[in-house]
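The lines below spell out each chain.
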Amino acid sequence: GAVVSQHPSRVICKSGTSVKIECRSLDFQATTMFWYRQFPKQSLMLMATSNEGSKATYEQGVEKDKFLINHASLTLSTLTVTSAHPEDSSFYICSASRQEVREKLFFGSGTQLSVL
Amino acid sequence: QKEVEQDPGPLSVPEGAIVSLNCTYSNSAFQYFMWYRQYSRKGPELLMYTYSSGNKEDGRFTAQVDKSSKYISLFIRDSQPSDSATYLCAMSANAGKSTFGDGTTLTVKP
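Chains as they are written, first to last, in our numbering: chain R, 1 to 116; chain B, 1001 to 1110.
Calculated from the structure, these hints are not laboratory results. Please note that the accuracy of each hint is not assured.
[Said to hold, decoys possible] Here are the computed lysine to any residue pairs in the SDA-like style, where the Cα-Cα straight-line distance is at most 20 Å:
#1 R:104 with B:1056
#2 R:20 with R:49
#3 B:1097 with R:20
#4 R:104 with B:1059
#5 R:104 with B:1061
#6 R:104 with B:1032
#7 R:104 with B:1048
#8 B:1002 with R:45
#9 B:1097 with R:89
#10 B:1042 with R:52
#11 B:1056 with R:20
#12 B:1097 with B:1047
#13 R:104 with B:1011
[What the hints assert, rightly or not] Computed beta-carbon distance windows for the label pairs:
#14 B:1008 with R:9: 24 to 34 Å
#15 R:26 with B:1093: 22 to 32 Å
#16 B:1071 with R:13: 35 to 45 Å
#17 R:45 with B:1057: 26 to 36 Å
Note that CB positions come from ideal geometry on N, CA and C, so glycine has one too.
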């Protein structure tokens, strides 16, 4: 199988601080990773596509300066929520795919962010 | 109009029932069709993957794709309480970027 590890699983922070979320593909190389946001009882909202060695592609309406994405290696992508505010509280999930079958997505376990 | 519409649910069935979950789509470029299962506060898990039209079976799960009608289904036979989760359909034209349905929450009662 393909395992994607996401950390932390839960984080509580004060308003104005920055939070970094890591997404690692443990047993395969992921040239592309995706970051999503999910509100309770709603589907996944794609935030950005992260490509190794290049700038992330953000979806319309997602602030790139607010949500910094770095994909420095073939197994690691990070999402940093800068100057977090209570409205940023949400469930964030990453996914990665193998090069040979890019449509099959393997998801991390998600990060519940709560901004006080 | 959304590109992918999924039967909203929620769906509640007795243990052992056959469950049918459905999605329609409007983008004729979609070629890859997936079903994911998501337990509460967890990341989705890939259940079924189908390329183009046809049926695919994996244990108690059967995925059907009808590209002429732009309609896909997931059938669960002999449903179990452990199948209780939210099911997401997803579709992709290429490059791995998928479009997801809103999900159907299924409860299987013992």
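* To do: Against the structure, test the hints numbered earlier, and report the numbers of the ones violated in rising order.
  => 3, 9, 10, 11, 13
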